[in-house]
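Chains as they are written, first to last, in this note's numbering: chain W, 1 to 301; chain F, 302 to 1023.
The hints are simulated quantities; they were obtained by calculation from the structure and are not laboratory data. Be aware that one or more of the hints could be misleading.
What follows is a set of in silico ranges between Cβ atoms, one per label pair, in the way DEER data are often shown [what the hints assert, rightly or not]:
#1 W:Leu140 / F:Arg709: 34 to 40 angstroms
#2 F:Ser758 / W:Gly180: 33 to 39 angstroms
#3 F:Leu420 / W:Leu140: 41 to 47 angstroms
Beta carbons are placed, not taken as given, at the ideal position from N, Cα and C, and that holds for glycine.
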Amino acid sequence: MSTVTETTSDAPTAPPAPNRFKDIARQLIETRRVIVGIVILALLILFAFLGPVISPWGVGERDYTALLQGISPDHWFGTNRTGQDIFTQTTAGLQKSLLIGLLVALISTAMAAVIGAFAGYFGGFTDKALTWIADLALVLPNFVILAILSRHFVGNGGWLILVILLAVFSWMVTSKMVRGLTISLREREYIHAARFMGVPPHKIIFRHILPNMSSLLIADATIMVSTAIIGETALSYFGLGVQSPDISLGVVIADGASFATTAPWVFIFPTVLLVLLVLAVNMIGDGLRDALDPNAKSRRS
Amino acid sequence: MSTETIVETESTNNDDTARTPVLEVTDLTVTFPGMNNNPDVKAVRGVSYAVHAGEVLGIVGESGSGKSVSSMAAMGLLPEHAEITGSVRLHGEEILGKKDTEMARKRGKVISMVFQDPLSGLTPVYTVGDQLAEAFLVHNPKAGKDKAHARAVELLSLVGIPNPEARYRSFPHEFSGGMRQRVMIAMAMANDPDVIICDEPTTALDVTIQAQILDLLRTAQRETGAAIVMITHDLGVVAGFVDRLLVMYAGRPVEIGSVDEIYYGSRMPYTMGLLGAVPRMDLEDQGALVPIKGNPPSLTDLPPGCPFAPRCPIARPECDEAEPELLTIGSRASEADADQDENTDAQRVACVRSAEIEANGWTAQDIYPVPEIPEPARAAGDRESLPEVLRVQDLIKHHPLMKGAVFRRRVGTVSAVDGIDFDIREGETLALVGESGCGKSSTLMEIMSLERPQRGSVEVMGREVGTLSRSERFGLRRDMQIVFQDPMSSLDPRMPVFDIIAEPLRTHKVPAREVTERVYELIGLVGLNIEHVTRFPAEFSGGQRQRIGIARALALEPKLLVLDEPVSALDVSIQAGVINLLEELQAKLGLAYLFVAHDLSVVRHIADRVAVMYLGKIVEIGDTKSIYTRPSHPYTQALLSAIPVPDPERERTRTHIVLEGDLPSPANPPSGCSFRTRCQKFITLSESDQEQCMSVEPEIRPTNGGDQGSACHFAERRSDLV
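The shape of chain W in the complex, shown without the other chains (with noise of 0.2 angstroms):
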C-alpha cells in the first residue's frame, strides 16, 4: 500500500511490470499440495536412479538360492520366482515408468491441445485435414501396429520408440475436445479484441485460447500419465511393451500378479510405487491447475 502511493507521487518511475511467472511460481509453492506432490515425484525419481546403483544385484541377474522369498537382509524387497531382486526390478522398472508416463502424458497432451486448438481457431480445410487425421488415428488398430513394432522397440533407445508410438496413438479424443471448446472460445470477445489489435493468429491460440483450456488440459495430462504406464503394462503383458533387457514398473507387476495372494511382495511394492506416482503426478496436476486460474484463487482467498 505504501508503495503504490509514493509511486503515485513521482508518476514516471512507476513499479517495474509484475512478472506473471514469478506471481504463478509463488501460488503453486504455496500450495501445500503441490509441495507434497513434488516432494513424493521428487523422492519417485531419486529412489529409481539410485535404486539400481546401490542395490548388490544386477537388474536381469538371478539368485538361484533365494526362489520366491520374503524380505530378507540380501533381499529387501525379496525376490520373485525365479529368484530375481524385487528391488532392483522395481527400481529400474520405476525409472522406464516415470520415463514413459511423463513423456507420453507430455507429448499426446501438447499434440491433442496444437492439433485441436488449430482446427478449432481456423476453421475451414485446416479443420477438415486435421480432423480426418484425428479420425484416421482413433480407427487405426493400434494394438496391431503396436505388435508388428514391437521388435524395434529391443535395444538402446527402443522405449523411445515405444513412447512416441503410445503418445500418437493418444492424442485424438482430447484433441477433439480442446477442438469444440476452441471454437466456443473463438467468438469471445477478447479473442476478436486480440485480434483486432493485430496479434497472429498462432499468438492468439498460445496466448488466449491454451491458458483457458488449462484446466481440461492439466487434467488430461495427469490422466495420461497414469494410462501411460498402465497401458505400457497391458503391452507388457503380452510382451509388446518394453522389451528385455529394459524392465518397467508394468513388466514386474504382470510378473508378480498372480502371487498377489501367495507372495505379496512380489506384487506390493512395485503397486505401491505405481499409486505413489499417480497420486503425486495429481497433486502437482491439481495445484498447477489452482495456481493457473484466477476464479479458483479468488474464491480461496
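With chain W fixed as given, assemble chain F onto it according to the hints.
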C-alpha cells in the same frame, strides 16, 4: 369456467381491498450461508412492503441490491440452504415456511411470476400451447384437455399472438424473444392470480418490444385485477407504470413512496444520485451525468453504518455509526412507531439527513460533485472541413444460408449488412442505433476486420482497406481500437490487468520500458489504481472492467474508437461514470467514436450524429438534435416514442407508438421498403402510395434541410414528437 374465476376473485378483492393487502412482506431477511469458511452473504436485510389489489409496486435497485432475491423468497423459490426470516403473507395467510408441495398449489394460482429471460423460461421440447395448457391443468385437474386447450388458445390471443390456434402447436424456438415473453406472461395469467411478480420482464428485449410488453402487462393487470410487483433497474420503465416505488440498496429498502414523491422529491442521496445518473432522452442539453463514486458494498462484509455512506457525498460521521431506519421524513427513531402505524403509505426514507434535504430542497446536482467535462475544441458547423477518420460506402455483408450435410448447397442469403454509407470526422461521435439483429454489430465486425468487403468500401484514415498489404493493415490497426459490450468476456480471465493493457503495446513492438510506463499512465487515465495491475479481471466489478477495456483500447493512441454497446451491461450509477469518462477522453485526446447502442437515451447524451439502422440498412441519419427533435422516418419516430422517460408526469401524458410484430427475418426481408410490414404510417397511406412502398426501395434523401437524411418515400417534418 375461467370467466367465473375472474368474477369471483374480483368480488373477493373488492371486499378486502381496504383491509388486507394481497401480498404483505414484513421484515424479510435472506442469508445464504457461506460454504467452506466463506462468509455468509446477507442478500436481503429487512424488507417490508405491501401490495393491494390492483396496485402496481415497483422495486428498483442495482444488481446485487437484493430485489430479485426478496421476490424469489416470497414465491418460495429460493434454494433449501437459504436462511429466510420475517414474514410473507398472502391474503393475510403466512406462506413463509410452508412446504414446497403446499406452495406449489399457490404458485401460479394465487401468486405468479414473469422471469427476466424468456429464452430459458420455456421447455424447448414441448409445444408452447401444451405448456400453457399444463399451467392451467395443474391447478384445474378436473377441467379436462379440451378446456385446457381452449383456455390456452384464449390466453395466446389475449397476449397478442397472431393466429393463436395455429401457434398453439409451435415450439418455443419458433417464437422470437418478445413473443416468448408474451407466452410467459400468458402463463402467469393462466389462473387469474392475485399477484404477478415481474422480475425485469423487459430487460432482455428491444425498446419497441419492451413497449409492447409493457402495454401487455397493463392489459394483463386490467384483465385479472391483480396486483403487480415490478422489479427492474430501469427507472424509465417504472416511471409510467407503477403506483408506488421501493428503492433498494445493499439488501435494504432505502426509500419508499409514490412514484411522484420519489421522482420529484427524493430525500435519499442514493435515489437522488440514481435519478441524476440516468441519461435523458427528452432533454436537449443535460450536462454531465451525476456519477456515484465507488461500487456497491459486498454483501458479505457490510460496514456497521449506512451501507451507502462510503459513496455518499453528504455522509457525516454519524452515518457510519448505525444503519438508519426507514422513517417518514424528519421523524426520529423514537417517534417512529406511532407514526408508521398511522400512515404506512407516506414516503419513508432511510437517511439521517432526510429532514435537512427536505428543508433545503437539495437535488442531485446540489449534493453530488458533477465533473467538469471540457468542451471539445473544434470548430462548430463546418464538419466538411475536418479530416475523415472513417468512411463506409455501400458496405455489404451477406451470409450464405447452407443446407444439406453431404452436398451443401446455398438455399438463401442473410443480409446482415445491406449497403450502408456513413462517415466519421475527427473528434466526432457517430452513434449507430437499432434493435438487435439490425446489423449493427456485423457492421462493426466488417469494419474492424480491415478485410476487403463483399461489396462497397471501407476507408480508414483516407486509406481504402481492401488495397492494403498485410503490414500496412497491421500498422493501421494502431489507429482504430474497439471496446466491447460485455466486460465479463472482453478481458482474458487468465491474464492479469497489466498484461491485458500491455498486450496491444507488446504486439506493436513498443520497447518494454515504455510499455510499463504507458500502462501505468493509462491506468491513471481511466481512473483505476496502480495496485490493481497484478489482479485478474474476475476481481473487478463491471464498471472497473469496462475501464480496463477502455485503457486497453487507448493504449496505442488510436484516432478512432469503436464502442460496441460499452455501457449496456452496466448499472446506472456505474454507467454514468463510464459515459463521463468517454466524454472526457474524447475532449482530451480528440478521439472519434463510432458508438453502437440500442439505448437511445445514452446516444442522445454522447453522440454528435446518429444513424438509425433497420434490417441491415440505414433508414435515417443526421445530427443528434435534428433526429431527436424532428425525426422524419416512421421507424425513428416509433423508436423514440417507445423509450420510457424517467419522469412520471411526462410519461403519463406521452402517447407511445407501439410497433406491430417483430423484426422480419433478414434472410427474407420484405420487398420494397423493408420497414413497411411494421410501419405505423404505411397503414394510413392510400393504395397507390402503399404500392410504391411495396415495390420501390427508398433511398436516403435529405429531409428537413441540413445534415438529416431519411430513407422513406413519405418522410415528414415533425416537431410535435418527444
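Next item on the list: Using the Cβ atoms, figure out if Leu140 (chain W) sits within 34 to 40 angstroms of Arg709 (chain F).
Entry: Violated, since Leu140 (chain W) and Arg709 (chain F) (Cβ atoms, about 29 angstroms apart) do not stay within the stated range.
Check: Between Ser758 (chain F) and Gly180 (chain W), is the Cβ distance one that fits in 33 to 39 angstroms?
Finding: Since Ser758 (chain F) and Gly180 (chain W) have Cβ atoms about 37 angstroms apart, the given range 33 to 39 angstroms holds.
Notebook entry, point to check: Taking the beta carbons of Leu420 (chain F) and Leu140 (chain W), is their distance inside 41 to 47 angstroms?
Noted result: Taking Cβ atoms as reference, Leu420 (chain F) and Leu140 (chain W) lie about 43 angstroms apart, which means the hint holds.
Of the numbered hints stated above, the single one contradicted by the structure is hint 1.
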